[in-house]
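Chemist: When we follow the working numbering, the leftmost residue of the sequence shown carries the number 1, and every step to the right adds one.
Think of the hints as simulated: they come from the structure by calculation, not from any bench.
Incorrect hints may appear among the rest.
As the list claims (entries may be wrong) - Within a straight-line C-alpha distance of at most 30 Å, the following computed DSSO-like cross-link-like pairs (lysine-lysine) qualify:
#1 K97 / K53
#2 K164 / K97
#3 K164 / K6
#4 K97 / K54
To be verified - Here are the in silico distance ranges between beta carbons for each label pair:
#5 T138 / D178: 26 to 36 Å
#6 D208 / L19: 27 to 37 Å
#7 G57 / D178: 17 to 27 Å
#8 L200 / L49: 43 to 53 Å
For every residue, glycine included, the Cβ atom is placed at its ideal position computed from N, Cα and C.
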Amino acid sequence: MPDDLKVAQLLSSRICHDLVGPAGAVNAGLELLEDGLSDANAPIDLPALDLIKKSAGESTRRLAFFRIAFGFGAGAKGEATFDQARELAAGFLAGGKVVLDWPEALESQPPGGVPASMVKVLLNMVLIATEALPRGGTVGLNFAALDDGLGMAVLARGEGAALKDDICGSLAENAAADGLTARNVHGYLAQTLARGSGALIEHSQGSDGEIQLAVMFPNATDC
């Protein structure tokens with residue numbers, strides 16, 4: 001099977017996996033409402049309505065995130081902004097155990113449009129960092145305008161923070177599509193997009209347990 005086809009199939013599987021939970025919750029809420037409608041005198045099931053609203057919102061936010069992170073959702077110009085990325089990341093993490101630390105006026109963050117590949121790489125790095133926090137925590141962002149380009153770092157802080165071996169493998173320079181699964185394909189995608197722009201995602205873990213994913217896009221400040 002061609003590598004591109006396998007990656008596309010695995011990304012599709014990943015999206016379905018992340019949507020099946022909230023989609024199932026919407027269905028459960030509708031079933032509860034249907035049971036209540038069998039009695040014309042019964043009050044509206046407000047908890048069921050709340051479940052539907054919450055789960056539908058989660059599905060919408062996740063789809064919006066994956067549309068940019070995995071797909072061709074950057075418009076005709078092939079550009080996106082980091083403000084859009086922040087909104088997508090915040091929506092993706094809303095209501096979960098991981099909190100996003102990405103201030104609106106973050107120093108050195110480019111204010112305008114940049115190549116969509118940069119935003120895709122960053123969103124996938126946020127996804128990787130989030131998955132490295134099984135007990136919850138904080139995902140933070142840093143930007144650095146350097147002479148050679150734009151540096152970006154995603155930091156994961158929390159109890160038990162760790163990158164799984166399969167994710168580390170998918171980020172390796174010599175990673176092969178044969179070893180990919182729906183659980184780590186986004187790491188391979190991020191590294192492939194980064195390398196296509198002359199960059200390389202690196203990862204490390206400090207003595208305090210903090211995980212850092214970093215990348216520098218050469219001459220990105222000229223984009």
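Chemist: Compare the structure with each hint and give your call.
Modeler: Each hint, compared with the structure:
1. K97 / K53: Answer holds: K97 to K53 is near 20 Å, not above 30 Å.
2. K164 / K97: The hint holds at about 18 Å.
3. K164 / K6: holds, 21 Å
4. K97 / K54: holds, 16 Å
5. T138 / D178: 26 to 36 Å: Cβ of T138 to Cβ of D178: about 35 Å, so the range 26 to 36 Å holds.
6. D208 / L19: 27 to 37 Å: Holds, since D208 and L19 (Cβ atoms, about 35 Å apart) stay within the stated range.
7. G57 / D178: 17 to 27 Å: violated, 38 Å
8. L200 / L49: 43 to 53 Å: Check passed, 48 Å falls within 43 to 53 Å.
Of the hints listed earlier, the one the structure fails to meet is number 7.
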